[in-house]
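Protein chains: 2
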Amino acid sequence: MITEIAQIDVKPGMEADFEAGVKAAAPLFKRAKGCSGMSISRSHEKPQRYRLYVKWATVENHTVDFRGSADFQEWRKLVGHCFASPPEVEHVTETVHAF
Amino acid sequence: MITEIAQIDVKPGMEADFEAGVKAAAPLFKRAKGCSGMSISRSHEKPQRYRLYVKWATVENHTVDFRGSADFQEWRKLVGHCFASPPEVEHVTETVHAF
Numbered sequence: 001m002i003t004e005i006a007q008i009d010v011k012p013g014m015e016a017d018f019e020a021g022v023k024a025a026a027p028l029f030k031r032a033k034g035c036s037g038m039s040i041s042r043s044h045e046k047p048q049r050y051r052l053y054v055k056w057a058t059v060e061n062h063t064v065d066f067r068g069s070a071d072f073q074e075w076r077k078l079v080g081h082c083f084a085s086p087p088e089v090e091h092v093t094e095t096v097h098a099f
Numbered sequence: 001m002i003t004e005i006a007q008i009d010v011k012p013g014m015e016a017d018f019e020a021g022v023k024a025a026a027p028l029f030k031r032a033k034g035c036s037g038m039s040i041s042r043s044h045e046k047p048q049r050y051r052l053y054v055k056w057a058t059v060e061n062h063t064v065d066f067r068g069s070a071d072f073q074e075w076r077k078l079v080g081h082c083f084a085s086p087p088e089v090e091h092v093t094e095t096v097h098a099f
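From first to last, the protein sequence lines are chains A and B.
What the first sequence shows, in this note's numbering, is residues 1 to 99, in sequence order.
What the second sequence shows, in this note's numbering, is residues 1 to 99, in sequence order.
Don't read these hints as lab results, they were simulated from the structure.
Incorrect hints may appear among the rest.
Note that identical chains are pooled: a pair holds if it fits in a single copy or bridges any two copies.
Unchecked claim - Here are the simulated lysine-lysine pairs, DSS-like style, with alpha carbons at most 30 angstroms apart:
#, residue 1, residue 2
1, K33, K46
2, K11, K46
3, K33, K23
4, K55, K30
5, K11, K77
6, K11, K30
7, K55, K23
Please model the entire structure based on the sequences and the hints provided.
Right, dumping it as structure tokens:
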């Protein structure tokens, strides 16, 4: 399993809209091939900065299957207007889980 | 609860040393005031980039209590030589857990 991390800076005042859009988009991710989890975290130091975490079976489930789907367009319709800049996306794998 | 995210780029060839240092440091975090979890993830796109995730009861448990402790010096002794640059640290709170 891999985790997509999308660092998203939202426009000032769009925090509540963004969080509502993420909640509304949950069913799109739930039905996406290989997707097993989705959450967002908000930064203390930069309150307009969020990180979206999405768990995928493979990187391609995100980059090929989801990005190529109509649901990706729906996702962007729900939250894209909140973005201050293009999201910065990386994929990570947990290598040590100490406790 | 808050999560510390430290983005750490390690020097080329130091990946195994860094991961071993993190494992060796687990007891330092386990006994730290307010600490309830610690793990690292590695980037697919930038394999020398790690993210350390540490769960704390409060931001101050990290920034005041832990950073002011002798165990912080021990932690840096175990992994500091692996750092290619100073870690970039932020604190985040989960605001939406969709599934």
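Checking an output row: K33 and K46, CA cutoff 30 angstroms. Within, between, both or neither?
The answer is between: 25 angstroms across copies meets 30 angstroms, while 33 angstroms in one copy does not.
For the identical chains here, do K11 and K77 meet the 30 angstroms Cα criterion within one copy, between copies, both, or neither?
within (15 angstroms within a copy, 40 angstroms between copies)
When no copy is named, should K11 and K46 be tagged within, between, both, or neither for a Cα gap of at most 30 angstroms?
The answer is both: 12 angstroms in one copy and 28 angstroms across copies each meet 30 angstroms.
Is it within, between, both or neither when you check K33 against K23 at 30 angstroms Cα-Cα?
Within one copy, since 19 angstroms is at most 30 angstroms while 34 angstroms is not.
K55 and K30: within-copy, between-copy, both or neither at 30 angstroms Cα:
For K55 and K30, both the intra-copy (10 angstroms) and inter-copy (26 angstroms) Cα distances are at most 30 angstroms.
I want to check one pair: K55 and K23. Are their C-alpha atoms no more than 30 angstroms apart within a copy, between two copies, both, or neither?
both (16 angstroms within a copy, 24 angstroms between copies)
Within, between, both or neither, where K11 and K30 count as close if Cα-Cα is 30 angstroms or less
Cα proximity of K11 and K30: one copy only (27 angstroms, versus 38 angstroms across).
Hint compliance for this structure: no hint is broken.
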